[in-house]
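Residue numbers (our numbering), protein chains in the order written: chain G, 22 to 343; chain L, 75 to 745; chain R, 1420 to 1608; chain B, 1323 to 1482; chain P, 31 to 367.
Everything labelled a hint here was simulated from the structure, so no lab data went into it.
For every residue, glycine included, the Cβ atom is placed at its ideal position computed from N, Cα and C.
Mixed in with the good hints, there may be bad ones.
What the hints assert, rightly or not - DSBU-like mimics (lysine-lysine), calculated; alpha carbons at most 30 Å apart, straight line:
#1 G:Lys298 / R:Lys1577
#2 G:Lys331 / L:Lys375
#3 L:Lys549 / G:Lys279
#4 G:Lys117 / B:Lys1414
#5 P:Lys253 / G:Lys99
#6 B:Lys1414 / P:Lys253
#7 B:Lys1330 / P:Lys253
#8 L:Lys242 / L:Lys319
#9 G:Lys331 / L:Lys494
#10 B:Lys1414 / P:Lys324
#11 P:Lys236 / B:Lys1414
#12 G:Lys325 / L:Lys549
#13 P:Lys324 / B:Lys1460
#14 G:Lys99 / R:Lys1601
#15 G:Lys169 / G:Lys315
#16 R:Lys1577 / G:Lys168
#17 P:Lys324 / G:Lys137
#18 R:Lys1601 / G:Lys137
As the list claims (entries may be wrong) - Computed, partial: chain G to chain L, Cβ under 10 Å:
#19 Tyr196
#20 Asp213
#21 Phe214
#22 Arg239
#23 Asn243
#24 Glu319
#25 Ser332
#26 Ser338
Said to hold, decoys possible - Distance ranges between label pairs, derived from CB positions:
#27 R:Ser1573 / G:Ala314: 16 to 24 Å
#28 R:Ser1573 / G:Gly159: 31 to 39 Å
#29 L:Leu135 / B:Gln1445: 39 to 47 Å
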Amino acid sequence: MTANANGSYAYYPGCSLTKNAAAYDVSSRVIARALGFELNELTDWNCCGASEYFSLNQLPAYALVARNLALTASEGAKQVVAPCSLCYVNLYKTDKYMGDHADLNEKVNAALAAGKLAYRAGDVKVRHLLDVVVNDVGFDNVAAAVKKPLYNLRVAPYYGCLIVRPRTGFDDVEYPTTMDHLMEVLGATVVDFPLKAECCGGHMTQISDDVALELIRRLLHNATEYEADAIVTVCPMCQLNLDAYQDQVNRRFGTRFKMPILYFTQVMGLAFGMEPKAVAIGKEIVDARPALAKVTAEPPVQPKKKRRDKSALPMPSTEREG
Amino acid sequence: MAEERVGVYICHCGHNIAGTVDVEAVAEWAADLPNVEVSRHYEFMCSSLGQELVEEDIKTLGLTRVVVAACSPHMHERTFRGACERAGLNPYLFEMANIREHASWVHAVDKEGATEKAKALVSAAVHRVVHHTPLETMKVPVEPTTMVVGGGIAGIQAALELADAGYKVIMVEREPSIGGHMAQLDKTFPTLDCSACILTPKMFDVGAHPNITMLTYSEVEAVEGYVGNFVVTVRQKARKVITDKCTGCGTCWEKCPIRVVDDVYEAGLGYRKAIYRPFPQAVPKYPVIDVESCTYYKTGKCRACQMFCPTEAIDFDQQDEVVDYKVGNVILATGYEQFDARRIPEYGYGRLANVFTSLEFERMVNATGPTGGKIMLRDGVTEPESVAIIHCVGSRDRRYNQYCSAVCCMYSLKFAHLVKERTGAEVYNFYMDIRTPAKGYEEFYHRLLEEGVRFVRGRVAKVTDAARGPGEEGKLIIQCEDTLIGKQRRIPVDMVVLSAGMEPRHDAEEIGHLFGISCSVDGFFIERHPKLDPMATMTDGIYVAGVCQGPKDIPATVAQGAGAAARVLGVISQGEVALEPIRAEIDEEHCSGCRICNTMCPYSAIDYIEELQVSRVNPALCKGCGTCVAACPSQVITGAHYSYDQVMAQIDGILIDVNRPVTAEAEVAAD
Amino acid sequence: MTAQNGRRRFKHEVIDATPGGEQLTLCLQCGTCGGSCPSGADMDHTPRRIFAMIDADMKDEVLSSNTPWFCVSCYYCSVRCPQEIPITDLMYTLKQMAIREGRYEQRRASDFSETFIGYVESYGRAFEMGLATRYHLFHNPMKMVGMATGMGLSLLQKGRMSLTPERINNIEQLQAILNKAKQLSAGGA
Amino acid sequence: MSDNGDFKPVIVGFLCNWCSYRAADLAGTSRMGYPSTLRDIRIMCSGRMDPAWVLHALRNGADGVLVVGCHPGECHYVEGNYKAIRRMNLLKRTLRQLGIEDERVQLHWASASEGVQFAEIVQNMTAQIKALGPLNWKQRNVDDSVNLAVAAGEHVHEGA
Amino acid sequence: MSNQNGNTKPKLALYWASSCGGCEISVLAIHEKILDVAAAFDIVFWPCVMDFKVKDVEALADGEIDVCLFNGAIRNDENAEMAHLLRRKSKIMVAYGSCSMEGCIPGLANFTSRDAMMQFIYHNSPSTDNPDGVEPDPDWAFPEGPAPLPKFWNTVKTLDQVVPVEYYLPGCPPEAEWTETLVMAAAAALAGEGELPPPGSVIGNKDTVCDECPRTKNEKKIKRFYRPYEIVPDPDTCLLEQGIFCAGYATRSGCGALCPQVNMGCRGCYGPNEGVDDHGARLITGLASVLDAKTDEEVDAILDTLPDPAGYFYRFGLAHSMLHRTDVAHAPKRDGN
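Here chain G stands alone, though its shape is the one from the complex (with noise of 0.2 Å):
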């Protein structure tokens, strides 16, 4: 563990996790354990506001996600963890903006003081799990912790929008890869998803059909032909419009989507060697037993590798400048 030397953080479940995505709050609990770092909930923690607050009035929207800044630095923690991709990209904004924008600053600050409350930009650094997962466990020790690991189980990762954008800095904008790489040490196979940071209708579901269900359709379209198992994600809101939706997709457009949807928690838990139940397995409203009954207990045979064609020109090495 680098980043974080006792390896123990505050955690902000966020009110999805409380219920409908109550899945990914055990899962999550769970890897915690397994892998050795502590995940200490806030108290009294509030809603983050989700995008509906910054809608109706964007000074009241920061402050309410800066009590929770305020909450975790008044505990004295310097982390705060949060699985929620939306609650992430608030706290995380909420801090980055406190910190660029004066003016910003001193008005929640001053909100918070009606509360007694108070936050200084960058005291409290905002991580999503994966995050934690990926830099600060790190691959080697997940791969120490796989006991099962998931052969033959084709995975497309799906990153969705705000763990990495707006810039958080911590993987690529458009084409993030640290999902990818973790699934591959759980064994699983990885297909490349080129839809895996789109957008997955977010509350579109609420203001429009049209548009949210279009947008859902693309992404199973995609994984399916791809032929993903299942879609692994790190965030309630797209979990639950892929999943939940899938049926309403199915039934507009006339498809046969049957592509469950798991959190990337979840599918940990179940290379760590974990029962289904215990990370929450069955929640899931597309079936996800089907998929990982394809999982064996012997690693796929690897395809021979193709001799270069001799007429092909060579690829550009993907190695990025500066």
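Following the hints, put chains L, R, B and P in place on chain G, whose structure we already have.
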């Protein structure tokens, strides 16, 4: 000091100053300043009559100091120093007050404020000038040899101009051959001349010219000295090939078993061997061994090239050579690097096979390139039926480079033409603005319109291979807003070409540091004046040419190369240069040897004399910035012409009215 | 900032109400935002066009368009914008202005936000069941039927939806903070 | 903050010869207006800036001191402006303890092409100092007319 | 001079204004040479050592004292009154020691105000026991009659800010050899056997402490500062290079680099070297120049390890500095007052 006789001259500059500043009031007021002997105002001080006025007063009134309040000293300081000198007054006993650029032109709506400020600036100059001391410029002879750094078209042009004029040139090129980016191109816009046809003869001339010493596969390591007298240390990397023996027959690279991707000349689209000559027309013709890839340097085995070489020219033990060259002037023509398109992940370069960069595409359409000039997809066999060309990749984009790279519009049009001509494919140009501001360029754009090339105004949001439906299967989809319609569009194509912009060399800043010049915010070298002196730099004797100074196309590059050569020829023909006497000097008797100044000098002009325990300034290296003067805690370093006392007096002068408002006093004086 | 005639330009109102909003003045009308937007095809105007309209002082048209409400907050436009304009945040500002000025006529989206916020302000936590029922009862009673039988039922069956809202302990503190923030926000956007 | 009515600040400026002085020239040739509060002194490099000059100007009637150099990394003398950053930073820390507000002593950058930015720098600084009010250092702190509350002291040293 | 008038020896006066008394002791530190002084001069006023009264001085004719060694800053009415009186009675007025020359430690009061200091000393200091909140009252009257106390000034002044001064003898306290040099030179000059330096001169070296400091100096780059207790310095290398603040680089030599020789940074008591207007300005510029930093943030990181910079730079010279004092209305509140 008390006996100085100062002449003050307030210039009207026609209406430029007098229209805002009450010049008469200023002149009248200045007459009462301490030490002022005479105070006049005149319509155009820079005219011959204005200058004669100063000269006449120096002679008849015995002026010992002169202050002219007029325009910026960058405009006319030299003029009035000349007038003083002609009248027998040391030119450094002159001071200028800038009441045009810094007063009348910026305070046009505040005449009173402008007048008040003009008085303060004049007073500052009067207070300062009495502290001036006579200074003498230092004349040094100019070494007529010039170094040209960079063997692209800018450097080639500059070197040939100088060599043809009869002067020696040393050309330093980092790569094994000269030619630069132009050697990679197939056709050049807007005339579609064959690049090789016009470049190769010039490359040959450089190689064969008796006045040019060509140092390829070489880099500058250190620079010392100053204008007219630089010593440049050059490292010639070992080619591992004895050039005296090599005939350039090509047996070595034919026999070499190691094939590597050529990231330089072929822009990554083709291969070369571990021993290679970058391209057939390379000058010089000798190959080099790439020791990173060569088997011999990894395992001690192979030696195929050596075994087959008919002239025993391979020398695996050859070492780098480091040589000092004495030159009078340097022209930097270090060129550019292409923006790395991988930095824009949404365009998929490096991930999506059929996304190409513009340089890759240049190699592809080049008859000597990897595909023999055929336009095809990455598989090397399929000809595209539709091609998208994306403009402004990495340019006009604050995330990367804010500037416009100036050439992409035109080469994109050229690409579109070549695709149409060679494949008949549908071609889309995705652009923000089409910029064609030079001779024959707009006409070329019109020709493309006639040829049926499609133009979509909208910066591409992303390139993807994720099909939404059957119509998009197997294609690359360009997603953008067609801003002229105001709607999103998805356009499936087979091939995407990214028109990547120009960037400064990754080590431009280090190179600049070596030669004592700096880079602007965008990373290109800063010229002396963006309009009136684009070839010179702030460091005397160092000139810039080509894209290293800023994005430009071939005609502009050639013009600047020739221009830089002309500037150097001017210096050489004078035979000697005068160095500004603005220098620092240490009073060694009172230097306590604390050595705080030692790390200040960017030119290493300060030496610590161990046995005396004092520091000393080498006047030939000192450029007069004064940072050591400011640093000296015991104030024993004097900066000529910007001394502590001179500026203190200037502050006293500039604040003269703060307790007694000048305007009130002026009224009294006017009464 | 004021226009020459003393009237505040709409553009500056938008800029002042957005952290980092001053970047908006740099818009080149390139269309990267419009091209990037997942729901761009269904918007009345693409974001690019909205910015041109803001510059043209077309306040009514801007605030009554569906564009900001169709923003899904994916931030693609923000990270791709070559002028680094915080487009998503500007959309939040436009929504906020539309609500304050009562301009947006398709009340569906703003009501969703308001219903959501209502729960957050009273309980400190979001309440999905309450949100779904209250919001849909008003806008789409037919959908309620679907909720009860289809998806909503599945979620209830899977124990993924709660029938009672949760409340934080120190709700008074939160309300004090929010009230102060609202007061400051009204004082000067 | 108040704008202190008719108070017109006097700002002594130190401009480097290569970038900022030229930026000021460019502001002139482009006729960009800015307040006539700035009175500038040309020095070769912001690295020449001597803290004593700042003190002298503040003591003798300036309401503020503005130093403008080339952008970091663009210094004509390679790195003179880095030295200016260090010296001005330490000077400002010291001045803060002496009761001189940060806004009164400012270090900025302007390249030769940044006439607009130069004009903005002067505008902003003028507004900030206007809000602070006159400095009047000599009268208030050296001559002691304000601070020397003990009347008896005055005649003693006045009579010297 | 006096000698030519008759057999009377030249007259010497020594006075102690606002100072610690160290200067008085330093006069005695010239050891047996004090006998030469006593032999050469007729001491007419030295209240620290002998019982003189002000009226004894008042009784002298104007200019009757040949040399007056005046130590201490001008802190109150009494100091000023004595300065004026002795000035009137003396031919040569010497600002003796750092207090009278630069303000020195008493001059640190210029970082705060008279009122704030009174408040702290008589009310707020942790050791104050003053339940009735009594403050010194300059106009206090006993039943026997008024007993006025000298009034405290808000701003501490140096001697030359109050009366004209001929010579300056720096140091806290001055080193004996310089006291001796001055007194003996004055004696010789008064005896017509030599010339005094031009009025306004500082009696001392012109260079800085580095000149006398035996430590090895190298090119300097400071990455952080250390308080003396935080580090064991190398005994042979320049202290400043090791991150210990040493004012020697901008301080007049003459002490023989006493402090640096015992691993303690020079505190700057000799004031700036010859020709310097403001000690603090030179300390600031020299120190800042060698910080190993290129951005404001990097500079901040280094300078955050140097608390109270003004205290370092104006420890001795605040009253004599260009700015003179802190503008209390705009300065951050200092601890304790």
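*If any of the earlier hints don't hold here, list their numbers in rising order.*
The structure breaks hints 7, 13, 17, 24; every other hint is satisfied.
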